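Asker: Take a look at the letters that make up each chain.
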Amino acid sequence: MILVDLDALASCLASPSCLVTQTTSGLIIGMLLFLVAVGLTLIFGVLKVVNFSHGAFYMFGAYFAMTAYQLTGSFALAILSGAAGTAILGLIFERVFMSRVYGRDVLMQLLVCYAFVLIFDDVVRMIWGPEFKSMGMPAAFQVPPLFIAGGVVPPYYLLLIGVALAAAAVLGLGLARSRIGKVIRAAAHNPGMVSALGINTGLIYGGVFALGGMLAGLAGALAAPVRSLTPGMGFSVLIESFIVTVIGGMGSILGALIGALLIGLIRSFGSLGFPLFTEGLMYLFMVIVLVSRPTGLFGKEVA
Amino acid sequence: MKRTRKPGISRRSTLALMGAGAVTFAAPWVARAQAKSIKIGMPTILSGRVAQLGTSSRNAVMLEVEKVNAAGGLAGRQIEMVIRDSKGQPQEAARIARELVNTDGCEMLLDGEASSGSFAVHEVARDLGVLCIHTCSEASSLTADPKQHIPNAFRCVRQGIHDSIVGAGYAAGIAKAKGLKKWATCSPDYAYGRDTTGEFVLYLKKFAPDVEIISESWPKLFQPDYTEVVTKILQAKPQALYSCLWGGDLTSYIDQANIYAMFTQMEVFAVNMADYTALTVVKNLPKGIHSGDRYIKTFPPTPENAAWGDAYKAKYNEYPTNWSWQNATAVMFLNEAVKKANSTDGKKVAEVLAGLTIKCPFGADGTVTMRADDHTLVGYAIGWGTTIPQEPYVPDVKAGDWKAIFELEAEWKKSKGYT
Numbered sequence: 001m002i003l004v005d006l007d008a009l010a011s012c013l014a015s016p017s018c019l020v021t022q023t024t025s026g027l028i029i030g031m032l033l034f035l036v037a038v039g040l041t042l043i044f045g046v047l048k049v050v051n052f053s054h055g056a057f058y059m060f061g062a063y064f065a066m067t068a069y070q071l072t073g074s075f076a077l078a079i080l081s082g083a084a085g086t087a088i089l090g091l092i093f094e095r096v097f098m099s100r101v102y103g104r105d106v107l108m109q110l111l112v113c114y115a116f117v118l119i120f121d122d123v124v125r126m127i128w129g130p131e132f133k134s135m136g137m138p139a140a141f142q143v144p145p146l147f148i149a150g151g152v153v154p155p156y157y158l159l160l161i162g163v164a165l166a167a168a169a170v171l172g173l174g175l176a177r178s179r180i181g182k183v184i185r186a187a188a189h190n191p192g193m194v195s196a197l198g199i200n201t202g203l204i205y206g207g208v209f210a211l212g213g214m215l216a217g218l219a220g221a222l223a224a225p226v227r228s229l230t231p232g233m234g235f236s237v238l239i240e241s242f243i244v245t246v247i248g249g250m251g252s253i254l255g256a257l258i259g260a261l262l263i264g265l266i267r268s269f270g271s272l273g274f275p276l277f278t279e280g281l282m283y284l285f286m287v288i289v290l291v292s293r294p295t296g297l298f299g300k301e302v303a
Numbered sequence: 001m002k003r004t005r006k007p008g009i010s011r012r013s014t015l016a017l018m019g020a021g022a023v024t025f026a027a028p029w030v031a032r033a034q035a036k037s038i039k040i041g042m043p044t045i046l047s048g049r050v051a052q053l054g055t056s057s058r059n060a061v062m063l064e065v066e067k068v069n070a071a072g073g074l075a076g077r078q079i080e081m082v083i084r085d086s087k088g089q090p091q092e093a094a095r096i097a098r099e100l101v102n103t104d105g106c107e108m109l110l111d112g113e114a115s116s117g118s119f120a121v122h123e124v125a126r127d128l129g130v131l132c133i134h135t136c137s138e139a140s141s142l143t144a145d146p147k148q149h150i151p152n153a154f155r156c157v158r159q160g161i162h163d164s165i166v167g168a169g170y171a172a173g174i175a176k177a178k179g180l181k182k183w184a185t186c187s188p189d190y191a192y193g194r195d196t197t198g199e200f201v202l203y204l205k206k207f208a209p210d211v212e213i214i215s216e217s218w219p220k221l222f223q224p225d226y227t228e229v230v231t232k233i234l235q236a237k238p239q240a241l242y243s244c245l246w247g248g249d250l251t252s253y254i255d256q257a258n259i260y261a262m263f264t265q266m267e268v269f270a271v272n273m274a275d276y277t278a279l280t281v282v283k284n285l286p287k288g289i290h291s292g293d294r295y296i297k298t299f300p301p302t303p304e305n306a307a308w309g310d311a312y313k314a315k316y317n318e319y320p321t322n323w324s325w326q327n328a329t330a331v332m333f334l335n336e337a338v339k340k341a342n343s344t345d346g347k348k349v350a351e352v353l354a355g356l357t358i359k360c361p362f363g364a365d366g367t368v369t370m371r372a373d374d375h376t377l378v379g380y381a382i383g384w385g386t387t388i389p390q391e392p393y394v395p396d397v398k399a400g401d402w403k404a405i406f407e408l409e410a411e412w413k414k415s416k417g418y419t
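From first to last, the protein sequence lines stand for chains A and B. At position 299 of the first sequence the residue is numbered 299 (our numbering), and the sequence of numbers has no breaks. At position 230 of the second sequence the residue is numbered 230 (our numbering), and the sequence of numbers has no breaks.
Here chain A stands alone, though its shape is the one from the complex (with noise of 0.2 Å):
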């Protein structure tokens, strides 16, 4: 049995095609990853919750996707479908649910979360079954991959790549650039006194939790074609996704960037270096991060 394997990690760091394909590989994983955390560091930065029914998002954008695909057989319109679906789900959920436990306990919030984590699981098995499904890769990307450098690359995980830095380029000059980002950054900060100025919160409130719950959709969507799709398959992304805020920042959407492509690079060099311990390095360099500066690498102080 091979515990560390330094020599592999040494030779692929020295081989270009070794470099490219573990790159894009930890790319992908982490691309993914990001569309879900983002989601669950921007309801945190602005709503002040951390939602940890977010997985189901990124479930049932998987499944809708699917649902989509097998009824128009239009890839397009699957990733749409996913992405518009838990939108709407999201909006609806906050307003009837989430939004009555704002300012509340942590616990009280934790509590209707996991109620929903549940909820959904079964809502997913009583309409899809309890059996895994594929949605199957569409015809167009069936293709061989891509050859760069001697690297391997799958040309759907170069869509998938563009798709997510698309959506990050999106969201991060919007939230800077645009009046609604002003709005949603101002009602982060004081709500109090956005709302004094004639703005609607609740409708901001229910916009960001849409927006996020469209991210983790989008993400499962996106992931469908490659991952089997079960109910309680949003689990351990969430999981994931935590720990990539916790290390980029909770709150910060260039943290979850950045902590979300890290750790995909743990992953996809971490198994050849380490083949045994390759989920314990995640979570090691996650203790180093929260050891050396807690509120995460682009987290603010908490005054």
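Treat the hints as calculated values from the structure; they're not laboratory data. There may be inaccurate statements among the hints.
[Said to hold, decoys possible] No more than 27 Å apart at the CA atoms, straight line, and that leaves these computed lysine-lysine pairs for DSSO-like:
1) K220/B - K133/A
2) K133/A - K287/B
3) K133/A - K87/B
4) K313/B - K133/A
5) K205/B - K133/A
6) K133/A - K315/B
7) K67/B - K205/B
8) K67/B - K339/B
[Unchecked claim] Computed spacing ranges between beta-carbons, pair by pair:
9) A10/A - S47/B: 32 to 38 Å
10) L173/A - P395/B: 21 to 27 Å
11) G162/A - E212/B: 36 to 42 Å
12) P138/A - G76/B: 55 to 61 Å
13) V96/A - Q91/B: 17 to 23 Å
14) I92/A - D310/B: 42 to 48 Å
15) L173/A - T264/B: 38 to 44 Å
16) G162/A - N317/B: 38 to 44 Å
17) S47/B - M108/A: 37 to 43 Å
18) V96/A - A191/B: 40 to 46 Å
19) E391/B - Q142/A: 17 to 23 Å
20) K300/A - A191/B: 24 to 30 Å
21) L284/A - D396/B: 55 to 61 Å
22) E411/B - L284/A: 40 to 46 Å
[To be verified] Per the computed footprint, the stretches of chain A lying under chain B, defined by three or more beta-carbons under 8 Å from a beta-carbon of chain B, are:
23) 138–147
24) 233–241
Predicted model, so just to flag it, every value in this text is computed and none were measured. Using N, Cα and C, we set each Cβ at its ideal position, and we do this for glycine too.
With chain A fixed as given, assemble chain B onto it according to the hints.
Answerer: Just chain B now, with coordinates in the frame of chain A:
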């Protein structure tokens, strides 16, 4: 002072009379109920990630029980199944098993638990002395280890060691023919994955001494993403890959490895591929994956097996699983054993079960045997073949040789100190 006693019937004697009457009237009712039905308890996994397997076990049991009941039941008593969900938790399985016997009055148990739960149910059977047939646990030690042996428990399941011997023999043949020397493994990181992979590698090296393992991957059970595992294996450039991933993990893995064109770059041996739950779910099943048989209606290639698979599908609108045929076989064994013993008494049935050979659609030669010395199923259809993307999925299964299995199994038992 003298106590006065009213003439006539005293309260005490009224009570006594009523009691006697109740016994007289109730006794035939109890006797009749006993003659009419026999309760068989079954803990199995009906919720959670492997619920599909538990459900398919229940389905198969009900399919066979209906047949037995239609033909008059077990020694004239109709079977009444009491099936409960253990959620796959060993302590829950043990609790349910005990309750089924003590509270529900079940006279026999079918243990539809995965390995972890089955050892717990086994202890309950040891404690209560109730007849128990394990129908899902493939862990070899459950029956191979003499410490586990009790006269009232049997295992009607394929066994890990049998699969490893047959799989490694098949793989070694291909390794020699195609010169596959560099191998990689990729299996889930828990007891089943580690043991099965270890045994497979052990026998592969025994049959084909040139083989070396150049890369090992142990993804977590239920891991959603295997990209880093896939690319790691691609970097190692092995000529062949062995995996005992199963269910949704295996289909995820295949979808993700497919877009890296992994299946064109090496021979892949995935023991759990040829199971309908996986075969019918994967949309782009690569051609030519080597797999062991789990349940497939074309192997053994007999009309009886095909008819059974079709009957199951007609009733439940999906194909049976590996757990299905094992549970069906357990009911067939019970039926035959009770006929032979002419009794539903657990002890007498157990005596007949040990060493019993019955006709069975899943037998390698049309029969299966409950081996007398270790109370485990032998002679079932076991083999390997390669996949195609549509039905019959594995058109040509190469059957394993039971004679060779017995020889190597005996050696293995000795090496483990079991005999």
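Asker: For the range 36 to 42 Å, tell me whether the beta carbons of G162/A and E212/B fit it or not.
Answerer: holds (40 Å)
Asker: Okay, P138/A versus G76/B on CB: inside 55 to 61 Å?
Answerer: holds (59 Å)
Asker: Do the alpha carbons of K133/A and K87/B lie within 27 Å of each other, as the hint requires?
Answerer: With Cα atoms ~20 Å apart, K133/A and K87/B stay inside 27 Å; holds.
Asker: Holds or violated: K220/B with K133/A, Cα cutoff 27 Å?
Answerer: Within the cut-off at roughly 19 Å; holds.
Asker: Using a Cβ cutoff of 8 Å, are there at least 3 residues of the stretch 233–241 of chain A near chain B, or does the coverage claim fail?
Answerer: Since 3 is at least three, the answer is holds.
Asker: Is it true that K300/A and A191/B lie within 24 to 30 Å of each other by Cβ?
Answerer: Cβ of K300/A to Cβ of A191/B: about 46 Å, so the range 24 to 30 Å is violated.
Asker: Given the hint of 21 to 27 Å, check if L173/A and P395/B actually sit that far apart at their C-beta atoms.
Answerer: violated (55 Å)
Asker: Check the following: the C-beta atoms of A10/A and S47/B are separated by a distance inside 32 to 38 Å.
Answerer: Violated, since A10/A and S47/B (Cβ atoms, about 47 Å apart) do not stay within the stated range.
Asker: Are G162/A and N317/B spaced within 38 to 44 Å by their CB atoms?
Answerer: Once the Cβ atoms are compared, 41 Å apart, the range 38 to 44 Å for N317/B and G162/A holds.
Asker: Do at least three Cβ atoms from the stretch 138–147 of chain A come closer than 8 Å to Cβ atoms of chain B?
Answerer: holds (count 4)
Asker: Are the Cα atoms of K313/B and K133/A separated by 27 Å or less?
Answerer: holds (19 Å)
Asker: Would the hint linking K133/A and K315/B be met if the CA-CA limit is 27 Å?
Answerer: holds (21 Å)
Consistency with the previously given hints fails for numbers 5, 7, 9, 10, 13, 17, 20 and 21, ordered from lowest to highest.
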